[in-house]
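Visitor: When you get a sec, could you build the whole thing from the sequences and use the hints?
Chains as they are written, first to last, in my numbering: chain A, 1 to 420; chain B, 1 to 420.
Simulated from the structure, these hints should not be mistaken for lab results.
Do not rely on the hints blindly, as some may be mistaken.
Said to hold, decoys possible - Each computed DSBU-like pair below joins lysine-lysine, with the alpha-carbon atoms no more than 35 Å apart:
(1) K17/A to K174/A
(2) K135/A to K82/B
(3) K2/B to K174/A
(4) K274/B to K163/A
(5) K274/B to K135/B
(6) K163/A to K163/B
One letter stands for each residue in the lines below.
Protein chains: 2
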Amino acid sequence: MKAEMKVIEDANREALKRMLSGDPVLVDVIPAMEAITELKERMILHAGPPIGWDGLCGPMRGAITGIAVFEGWAPDLEVAEKLAADGAFDFHPNHHFDAVGPMTGLTTLSQPVMVVENRTFGNRAYCALNEGLGKVMRFGGNDDEVLDRLRWLRDVLGPAMSKALRSGDGISLKSLVARGLTMGDEMHQRNVACSGLTLRAMSPALASTSTDTEALSDILSFIGGNDQFFLNIAMAMGKAIMDPVRGIEGSSLVTAMSRNGTDFGIRVSGTGDKWFTAPVEMPEGLYFPGFTEADANPDMGDSTIVETIGLGGFAMGAAPAVAGFVGAGTASEAANFTRTMGEITLGENPEWTIPALDYLGVPTGIDIRLVVETGLSPTINTGIAHKEPGVGQVGAGVVRAPMACFEQALHAFAQSVGVS
Amino acid sequence: MKAEMKVIEDANREALKRMLSGDPVLVDVIPAMEAITELKERMILHAGPPIGWDGLCGPMRGAITGIAVFEGWAPDLEVAEKLAADGAFDFHPNHHFDAVGPMTGLTTLSQPVMVVENRTFGNRAYCALNEGLGKVMRFGGNDDEVLDRLRWLRDVLGPAMSKALRSGDGISLKSLVARGLTMGDEMHQRNVACSGLTLRAMSPALASTSTDTEALSDILSFIGGNDQFFLNIAMAMGKAIMDPVRGIEGSSLVTAMSRNGTDFGIRVSGTGDKWFTAPVEMPEGLYFPGFTEADANPDMGDSTIVETIGLGGFAMGAAPAVAGFVGAGTASEAANFTRTMGEITLGENPEWTIPALDYLGVPTGIDIRLVVETGLSPTINTGIAHKEPGVGQVGAGVVRAPMACFEQALHAFAQSVGVS
Numbered sequence: 001m002k003a004e005m006k007v008i009e010d011a012n013r014e015a016l017k018r019m020l021s022g023d024p025v026l027v028d029v030i031p032a033m034e035a036i037t038e039l040k041e042r043m044i045l046h047a048g049p050p051i052g053w054d055g056l057c058g059p060m061r062g063a064i065t066g067i068a069v070f071e072g073w074a075p076d077l078e079v080a081e082k083l084a085a086d087g088a089f090d091f092h093p094n095h096h097f098d099a100v101g102p103m104t105g106l107t108t109l110s111q112p113v114m115v116v117e118n119r120t121f122g123n124r125a126y127c128a129l130n131e132g133l134g135k136v137m138r139f140g141g142n143d144d145e146v147l148d149r150l151r152w153l154r155d156v157l158g159p160a161m162s163k164a165l166r167s168g169d170g171i172s173l174k175s176l177v178a179r180g181l182t183m184g185d186e187m188h189q190r191n192v193a194c195s196g197l198t199l200r201a202m203s204p205a206l207a208s209t210s211t212d213t214e215a216l217s218d219i220l221s222f223i224g225g226n227d228q229f230f231l232n233i234a235m236a237m238g239k240a241i242m243d244p245v246r247g248i249e250g251s252s253l254v255t256a257m258s259r260n261g262t263d264f265g266i267r268v269s270g271t272g273d274k275w276f277t278a279p280v281e282m283p284e285g286l287y288f289p290g291f292t293e294a295d296a297n298p299d300m301g302d303s304t305i306v307e308t309i310g311l312g313g314f315a316m317g318a319a320p321a322v323a324g325f326v327g328a329g330t331a332s333e334a335a336n337f338t339r340t341m342g343e344i345t346l347g348e349n350p351e352w353t354i355p356a357l358d359y360l361g362v363p364t365g366i367d368i369r370l371v372v373e374t375g376l377s378p379t380i381n382t383g384i385a386h387k388e389p390g391v392g393q394v395g396a397g398v399v400r401a402p403m404a405c406f407e408q409a410l411h412a413f414a415q416s417v418g419v420s
Numbered sequence: 001m002k003a004e005m006k007v008i009e010d011a012n013r014e015a016l017k018r019m020l021s022g023d024p025v026l027v028d029v030i031p032a033m034e035a036i037t038e039l040k041e042r043m044i045l046h047a048g049p050p051i052g053w054d055g056l057c058g059p060m061r062g063a064i065t066g067i068a069v070f071e072g073w074a075p076d077l078e079v080a081e082k083l084a085a086d087g088a089f090d091f092h093p094n095h096h097f098d099a100v101g102p103m104t105g106l107t108t109l110s111q112p113v114m115v116v117e118n119r120t121f122g123n124r125a126y127c128a129l130n131e132g133l134g135k136v137m138r139f140g141g142n143d144d145e146v147l148d149r150l151r152w153l154r155d156v157l158g159p160a161m162s163k164a165l166r167s168g169d170g171i172s173l174k175s176l177v178a179r180g181l182t183m184g185d186e187m188h189q190r191n192v193a194c195s196g197l198t199l200r201a202m203s204p205a206l207a208s209t210s211t212d213t214e215a216l217s218d219i220l221s222f223i224g225g226n227d228q229f230f231l232n233i234a235m236a237m238g239k240a241i242m243d244p245v246r247g248i249e250g251s252s253l254v255t256a257m258s259r260n261g262t263d264f265g266i267r268v269s270g271t272g273d274k275w276f277t278a279p280v281e282m283p284e285g286l287y288f289p290g291f292t293e294a295d296a297n298p299d300m301g302d303s304t305i306v307e308t309i310g311l312g313g314f315a316m317g318a319a320p321a322v323a324g325f326v327g328a329g330t331a332s333e334a335a336n337f338t339r340t341m342g343e344i345t346l347g348e349n350p351e352w353t354i355p356a357l358d359y360l361g362v363p364t365g366i367d368i369r370l371v372v373e374t375g376l377s378p379t380i381n382t383g384i385a386h387k388e389p390g391v392g393q394v395g396a397g398v399v400r401a402p403m404a405c406f407e408q409a410l411h412a413f414a415q416s417v418g419v420s
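Guide: Below, the structure written as structure tokens:
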């Protein structure tokens, strides 16, 4: 028993070290087919653990029919839905292809994806561009407005960001996030500071590589008008940080948490790429005017990669203003969430600190043993989608990762280290 | 006695109402000579209450000789200093001409000034563009680098901002500052959020009104690289908010606090435009590497207009990260400054609130009676200049307004309401 404990301790020390030594840099925006060469026609990467059409929730179905029209695989939504039901599309998790996506999180051939490179380990991770708020595909939207915006991201914003990023050395995300934490962001439901810092870092190069000041003005206006623009960057960053932490024998550290709107799945370093899943829960939160919990789809998206690296719900203490937005109680209590998540994590991030907590580092490295032992499952700040296809966001809230995922994972982990 | 109390209460209610109903909007950037038509050749507006050349401190002298060269009144700094000593320049406080300036705060004919309009009352206030950090005129710098930057502000940035601002309806500052308070700014020594929000609001119009993408890139880079860019906007906003509060008979509310590096002066609504002055104090703070308190010039600048409207040291609770920068103790204690300033103010600003304090409004409307009664003088977050001309900033700290100003003011105020 003592020997196994030593193995686990050493493995977790190595896992935490890899997490904290990651050096994520936003380097480019390229078509998904260039980033992920395995992508093919009619292949759809989605958020969360593996799932087929029959198991998919409403907003996921809405997004899929929309993306099929966008990619030219179907002339309209109706045909797209029929094709999907007939098995014409090939579904895989983003996580299996170095990618992540918020909410429905679809990644397909021609969408532009942001490239975050982890310079310490050389790996890259990808995430599509954030579409803004309102009616958007990540919340299940699929009408002309949604598809037109995707075309603009593909034809205008993506190429412009690519030119700007390639003209320099990329945007170092570790220090940018550190700054964002001093400016009230937790990088999941509040990204106003980091979105602004990204715009500020990128805008001189956007200007100097631009040939069309009207298009440039639109770009600056789109990024500047989208307080969640940074979310997708934070997600690619999370994936880029966590991928090198996968597959460390004996490590009980969580390397991914993700949801497809039906199932919640986690992966643990010591058990490789196996998913441990359980039904997703319903967020508790606040609804936009005209909507109630009866309209809500349960928890969805790869965005929980943000909590996996100690941000989002784990960094609530940095973002008292988000507490009200997600219905997590009074602002002055936000710090309690961060302190509680400290009970299920292996360490603190000395580079990502929270001024109001006298520079306490964000709780980092979720240990499945601590989750099961304390009965405290990770707190996640999340958007809430309407349960029907084609509607969009209806609110924001807080949700817990299902304890069953951690219990299953702990069982498999114990077997893997010979303690069953 | 009771009748006088009623007069004072009513007057202060009116004063606070005017403060809180101000609607400051950044509308333009124009040459100072257009904004302030009284400006003439060899006329220099400066920070703080009235003072002549003989009384001026080192950095103020450094800035004056520099601006004389910039304006073409002297061929070099040496001649400029001789001219100044011979009485060739005409000195007046910015405050007498609807203007404010940080630190040395010089305003002269050809410098561009930002225009903040208070749409509720129709008045306008002016402040020069922030030069950035390092060697700058506001900290007494006066070499070629400093003067070249002033020329670029005059010839490139000022006109570009003017075009951008005129193409729209201006930037509404009340909501922008409200947002900045949720992002860790106190708008005196920390303006990173508001500077970014301003850039974000202005950049689409900067792009669409630009004809030169390289110049545009320089502009975006300059604003984006200057975390204190918003300070000068906050100051013009403060002046625009406070000017309509002047001259309310029976009001004991402070309408201006300002320092020229030698004297600290305050003005009180009920005593009109009279200055009550006392020698400035030395900030207690932290020094940049290589400098100590022995290098420091005492307190200077019109920037205390920011505290006068409830920001800066009064809003420290919104900006825990600034506490360390100005040497004001631990971050978690920042809220105490805000709570203490609540003891000398007439109310709270319901539109400028601090999330971490469960949306407590910033303490607003300094009452000279409360200052004298409690013995608590206003807390000011400030930059620290080198005491010699031509050096620049050496640190940042916290300083108290001298109690003697408030005691004198209270004496005059008592006489004005017939209670002596």
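Visitor: Each hint: holds or not?
Guide: Comparing the hints with the structure gives:
Note on K17/A and K174/A: the hinted pairing holds, with a Cα-Cα distance of about 15 Å set against a maximum of 35 Å. The hinted pair formed by K135/A and K82/B fails the criterion: a straight-line CA distance of about 67 Å is larger than 35 Å. With a CA separation close to 62 Å, the supplied pair K2/B and K174/A exceeds the 35 Å bound. A hinted pair counts as satisfied when its Cα atoms are at most 35 Å apart, and K274/B with K163/A does not qualify at roughly 58 Å.
Restraint check for K274/B and K135/B: satisfied, since their Cα atoms lie roughly 34 Å apart, inside the 35 Å limit. Restraint check for K163/A and K163/B: the C-alpha separation of about 27 Å stays at or below 35 Å, so the hint holds.
In summary, the numbered hints that this structure violates are 2, 3, 4.
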